[in-house]
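Please build the complete structure, drawing on both the sequences and the hints.
2 protein chains.
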Amino acid sequence: MDVIVAIDCMGGDHGAHVTVPAVLQYLAKDPQSAFILVGRQPAIESELARHHARPSARLRIRHAAEVVEMDEQPASALRGKKDSSMRAAIDLVKKEEAQACVSAGNTGALMAISRFVLKTLPGIDRPAIATILPTLKGHTCMLDLGANVDCTAEHLLQFAIMGSELVASLDAKAQPSVGLLNIGEEDIKGSEIVKRAGELLRASDLNFHGNVEGDDIYKGTTDVVVCDGFVGNVALKASEGLAQMLATSLREEFGRNLLTRLAGLVASPVIRHFKRRVDHRRYNGATLIGLRGIVIKSHGSADVFAFGFAIERAVEEARGGVLRHIEERMSHIQQTAA
Amino acid sequence: MDVIVAIDCMGGDHGAHVTVPAVLQYLAKDPQSAFILVGRQPAIESELARHHARPSARLRIRHAAEVVEMDEQPASALRGKKDSSMRAAIDLVKKEEAQACVSAGNTGALMAISRFVLKTLPGIDRPAIATILPTLKGHTCMLDLGANVDCTAEHLLQFAIMGSELVASLDAKAQPSVGLLNIGEEDIKGSEIVKRAGELLRASDLNFHGNVEGDDIYKGTTDVVVCDGFVGNVALKASEGLAQMLATSLREEFGRNLLTRLAGLVASPVIRHFKRRVDHRRYNGATLIGLRGIVIKSHGSADVFAFGFAIERAVEEARGGVLRHIEERMSHIQQTAA
Numbered sequence: 000m001d002v003i004v005a006i007d008c009m010g011g012d013h014g015a016h017v018t019v020p021a022v023l024q025y026l027a028k029d030p031q032s033a034f035i036l037v038g039r040q041p042a043i044e045s046e047l048a049r050h051h052a053r054p055s056a057r058l059r060i061r062h063a064a065e066v067v068e069m070d071e072q073p074a075s076a077l078r079g080k081k082d083s084s085m086r087a088a089i090d091l092v093k094k095e096e097a098q099a100c101v102s103a104g105n106t107g108a109l110m111a112i113s114r115f116v117l118k119t120l121p122g123i124d125r126p127a128i129a130t131i132l133p134t135l136k137g138h139t140c141m142l143d144l145g146a147n148v149d150c151t152a153e154h155l156l157q158f159a160i161m162g163s164e165l166v167a168s169l170d171a172k173a174q175p176s177v178g179l180l181n182i183g184e185e186d187i188k189g190s191e192i193v194k195r196a197g198e199l200l201r202a203s204d205l206n207f208h209g210n211v212e213g214d215d216i217y218k219g220t221t222d223v224v225v226c227d228g229f230v231g232n233v234a235l236k237a238s239e240g241l242a243q244m245l246a247t248s249l250r251e252e253f254g255r256n257l258l259t260r261l262a263g264l265v266a267s268p269v270i271r272h273f274k275r276r277v278d279h280r281r282y283n284g285a286t287l288i289g290l291r292g293i294v295i296k297s298h299g300s301a302d303v304f305a306f307g308f309a310i311e312r313a314v315e316e317a318r319g320g321v322l323r324h325i326e327e328r329m330s331h332i333q334q335t336a337a
Numbered sequence: 000m001d002v003i004v005a006i007d008c009m010g011g012d013h014g015a016h017v018t019v020p021a022v023l024q025y026l027a028k029d030p031q032s033a034f035i036l037v038g039r040q041p042a043i044e045s046e047l048a049r050h051h052a053r054p055s056a057r058l059r060i061r062h063a064a065e066v067v068e069m070d071e072q073p074a075s076a077l078r079g080k081k082d083s084s085m086r087a088a089i090d091l092v093k094k095e096e097a098q099a100c101v102s103a104g105n106t107g108a109l110m111a112i113s114r115f116v117l118k119t120l121p122g123i124d125r126p127a128i129a130t131i132l133p134t135l136k137g138h139t140c141m142l143d144l145g146a147n148v149d150c151t152a153e154h155l156l157q158f159a160i161m162g163s164e165l166v167a168s169l170d171a172k173a174q175p176s177v178g179l180l181n182i183g184e185e186d187i188k189g190s191e192i193v194k195r196a197g198e199l200l201r202a203s204d205l206n207f208h209g210n211v212e213g214d215d216i217y218k219g220t221t222d223v224v225v226c227d228g229f230v231g232n233v234a235l236k237a238s239e240g241l242a243q244m245l246a247t248s249l250r251e252e253f254g255r256n257l258l259t260r261l262a263g264l265v266a267s268p269v270i271r272h273f274k275r276r277v278d279h280r281r282y283n284g285a286t287l288i289g290l291r292g293i294v295i296k297s298h299g300s301a302d303v304f305a306f307g308f309a310i311e312r313a314v315e316e317a318r319g320g321v322l323r324h325i326e327e328r329m330s331h332i333q334q335t336a337a
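Residue numbers (numbering that gives the first Met the number 0), protein chains in the order written: chain A, 0 to 337; chain B, 0 to 337.
The set of hints was computed from the structure by calculation and includes no laboratory data.
Don't take every hint at face value.
As the list makes no split between identical chains, a pair holds if one copy fits it or if it spans any two.
To be verified - Using 20 Å as the maximum straight-line C-alpha spacing, the simulated SDA-like pairs for lysine to any residue come out as follows:
| id | residue 1 | residue 2 |
| --- | --- | --- |
| 1 | K218 | E251 |
| 2 | K188 | D70 |
| 3 | K93 | I60 |
| 4 | K188 | M69 |
| 5 | K28 | V2 |
Here it is in structure tokens:
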């Protein structure tokens, strides 16, 4: 065993019905990983039994009686539910009994509890939410996706550093390119904060590409795309909405009549391959980055297949030593500044 | 003739090669429309000749010697090129010789010159860029898309009023629903400015739906989606980038081998129908709204088909009396406030 991941089994729309089988599938294919299933013991045990599985050295259960609701206020989850599965999973990371945790629960609560329990890394003011998105060239890392609504230029610089180190440790790229999301390529474009962030990025030792625009995200122009949480959240959700609209339209066109349904049958292997390639479930698992611990947020509606990718992300980040990379970079910056 | 539209024939990546044939096609199908072709007379005449067309009462030429370059600074275009085709087209609207104008030229220059020549409507501080986007239910009007990077809550309220009146006059809807683009549905979500805009919208007599998220744009949750120009620009361009990536992936999948190419052949009528349905060229033509005149911005890369939709938008807005609608609403608000 080289990595232990704590799983908040009760989070998300489907709870243990999704999280437990996803862990079992992951365990089977990665013999070096181990898991702590956190949540209501009876629910976890009955789910294990349903899959003919039992606890083992690589698969322990940690009982937690409470569950953070999907629509619960972060403050209420933080103060009122000290024995929630979410809190217990994060506590395991804090106590170094696990190297990472995964939750499909309420994002606001997960961020609030993680910040409270784990604290931020030295030199990082605020954690951000980072995700990997597919592009024409492969994939890109985008942050922040909604943790920070009002950001300063310094925050955007910190996001750039964290995103850069995340990509460096996951993709083994020495100097990932960083783009600053803006409404034009020229340095003079954008809000005052974004312009100032551009100055900071140009003065930094990051591999700063310059401004990028919305379409550059999916073109794969840079390895990292930096923006404030409001813009990132809207861009990501608009993309999700568009993808859904296109998928619905395509389905409707193929379902129009007998002839189109036959055409759909002939084309189905191709369409299936296409869907597989652009399947958003493969990109499930956002990183709450900037904390003294690895916390991965799965989509609340994730199915077993999607939740498996969030688990994989947790394992890879733990193995890649993301936290150490960010800490080293920040201490280097602080020494240079001092 | 019930409407005259001035066309900046030299704007855009293709100039008269696109703008002139698009006008000729539109003229043929709308016998009540008339056009003034603005730009270098020899270029326009040779393009007319190429299409065996000649000037007429419904198709006049207004010579303008200069052309605003696509990458020219707005200030230089405004101050240095008094005889540009863009400026001359806007001047025709100002002098009421035309009821609207269309340009595929540089957005920044078009906005700067329009503001300088036409001024804003009473009660409107800043013009915005509004566009129509396809949704699962039909279409929605989104603004601002990049004219205003830093907006106050009052600006967002004005955008909501303008968008609402635009939809009311184009779609004959009495009370279009208005959504405020945010990162959550709850009133407490978002930046300080957006929260304050929500308060203003709730207190207004608009049909305010509340906050909407990025995916609501394409779900068609509301008739109007309001946001600042930074967020709107990024969301729109991210959508364009995603659509391109998906189209490229689908093409690659069908081109993979002989079998997939055959499947593509069988499916091609369906795919063509699908493409036709989601073709962004049908939504070409953004409105610079809030000015004392109708100014339509076409995509710079528009082809004849796409430019035709920008022309149609100009004609429809002139016929729909959009400006009068906004003016009446603003004067009503000012009387109520006084």
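Item to complete: Have a look at K188 and D70 and pick one of within, between, both or neither, based on CA distance no larger than 20 Å.
Response: For K188 and D70, the Cα distance is within 20 Å only across copies (13 Å; inside one copy 38 Å).
Worksheet item: Under a CA distance limit of 20 Å, which applies to K188 and M69: within one copy, between copies, both, or neither?
Response: This pair counts as between: shortest inter-copy Cα distance 16 Å, intra-copy 39 Å.
Item to complete: Measure nothing new, just compare the shortest in-copy and cross-copy C-alpha distances for K218 and E251 to 20 Å and report within, between, both or neither.
Response: between (28 Å within a copy, 15 Å between copies)
Worksheet item: Can you tell me if K93 and I60 fall within 20 Å by alpha carbon in one copy, between copies, both or neither?
Response: within (17 Å within a copy, 75 Å between copies)
Fill in: Intra- versus inter-copy proximity for V2 and K28 (alpha-carbon distance at most 20 Å)
Within one copy only: 14 Å inside, 69 Å across.
When the structure is compared with the earlier hints, no violation turns up for any of them.
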